[in-house]
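Visitor: One letter stands for each residue in the lines below.
Protein chains: 2
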Amino acid sequence: MTRKQLIQLIKEKKSYLCIGLDTDVSKLPKHLQSHPDAIFEFNKAIIDATKDYCVGYKINTAFYESQGLKGWEAMEKTVQYIPDTHFKIADAKRGDIGNTSSQYAKAFFEVMPFDAVTVAPYMGEDSVRPFLEYKDKWTIVLGLTSNAGSDDFQQLSFAHGITEKRLYETVLEKVATWGTTSNLMFVIGATRACDFVHIRSFVPDHFLLVPGIGAQGGSLKDVSKFGLTKDYGLLVNASRAIIFAGGGEDFAEKAKFAAAGYQSEMATYF
Amino acid sequence: MTRKQLIQLIKEKKSYLCIGLDTDVSKLPKHLQSHPDAIFEFNKAIIDATKDYCVGYKINTAFYESQGLKGWEAMEKTVQYIPDTHFKIADAKRGDIGNTSSQYAKAFFEVMPFDAVTVAPYMGEDSVRPFLEYKDKWTIVLGLTSNAGSDDFQQLSFAHGITEKRLYETVLEKVATWGTTSNLMFVIGATRACDFVHIRSFVPDHFLLVPGIGAQGGSLKDVSKFGLTKDYGLLVNASRAIIFAGGGEDFAEKAKFAAAGYQSEMATYF
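Protein chains in written order, with my numbering: chain B, 1 to 270; chain W, 1 to 270.
Everything labelled a hint here was simulated from the structure, so no lab data went into it. Keep in mind that a hint or two might mislead.
Intra- or inter-copy, both count: the list cannot distinguish identical chains.
Said to hold, decoys possible - Below, computed lysine-lysine pairings styled on DSS-like, alpha-carbon distance capped at 27 Å:
#1 K254 / K106
#2 K106 / K44
#3 K137 / K44
#4 K70 / K44
#5 K225 / K14
As the structure is a prediction and not an experimental result, all values here were calculated from the model.
Build out the structure end to end from the sequences listed, making use of the hints.
Guide: Laid out in structure tokens, this is it:
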């Protein structure tokens, strides 16, 4: 999906909502737990119920890998099932030396039809570049994450000439030079909405993938107020708060209401 | 596998060699390429031929994921096939917020019988801790990697009180406090053998996983001279230089000679 298409999609739907398919089998509704293809059945129902309210889905690979071969199969089936009109993110946090990152890029961009994959920056440029080589695909690099551990390294201050710079600021600045606003996004944790103005000074035009709305406690209002640009520039993700909004047989209906709630709030920020 | 068992294994075999199963299908011998289960057949032959010379195998998950469902299946079969006497590493470079890292830990430590998994540190303590909770399992955190991109962030200097510290030094120091020398190792790129003395000042007793011997150009002699401790403290990995030592029908025999070569050099450093 191109940047132009993504912007158009957001404009038409008045939504920059991404739904995270963190499909934890232990949290599935009881009536589905004995289903031979429970993860995919659940995802299918969630996608059918919510697709009008979101512009993308984010598949968290960990929840599929933890189910072994059947889980990997459910991931492949799910990404195939997501309509082509939606932006498909593999939240995989991969990253390795060049020839290995190329294999990951192949897995998510060729074998599976993802539009984007999340990548960890620690190993530097040659670990990120193989993902950027795919036309109309996106690399979403971890910038500032929303968890407590983001203080451990991301917030450390570096000497930078006569000034100081935090690690995540250096990551944003440096990684931005490796790609363009049409193939590169950043993960920015939403629980620090006060940082958004500051972050926009480093990456004024890039799309930011913002997890941490809902169960992780971020405020959609703050994120939207400080993060939106003239081209929108945000994909705000909610996972548990939507897909596990209900725990019974009406789980898809409950997910639909939750997604519709986010979308209608988003519409007010357009 | 416990630290005591690992040390005993190295002592008995006079080897701290780990063989990397970076099984790139495009590099398989011609006669295997049409085999319906080519990756596993190749790995099986490599393991049979080399197991006397190494103490462990490292499966690079990217090369399996790039083959889709069949690749994941080949990974599961391969790790099951590696003898229990050997240390089994998933070189997966995972790491995410706590509840997600728990799912990755489950995938590699419960669903598959790996002894260790490599983890990226960028997201901090709560992204690493779920892996450390498994008894007799190991978390191998990226410290200083061997690729060009390691200069981008790992080598950046931080203000640290009145002194300065590089990011990878801070990672070694801080991560070391999260676990013990019995459940935590670090990845240290071998192409900078001159850094080993310095690195040992931060992590004197931890096992270090050293990739980059062979095809990536590191010197086994330097790594051994500066990296070995009284408890050995090293796992030195070679991938392509062993598994693709030959490209014909005698590939396993060629791999055996390559592995035996590394082992006999290692024996001289005991």
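Visitor: Work down the list of hints and note, for each, if the structure agrees.
Guide: Do the hints match the structure? See the list:
no.: 1; hint: K254 / K106; result: neither (36 Å within a copy, 29 Å between copies)
no.: 2; hint: K106 / K44; result: both (25 Å within a copy, 24 Å between copies)
no.: 3; hint: K137 / K44; result: within (24 Å within a copy, 36 Å between copies)
no.: 4; hint: K70 / K44; result: both (16 Å within a copy, 23 Å between copies)
no.: 5; hint: K225 / K14; result: within (15 Å within a copy, 62 Å between copies)
The structure is inconsistent with hint 1 alone, although it conforms to all the rest.
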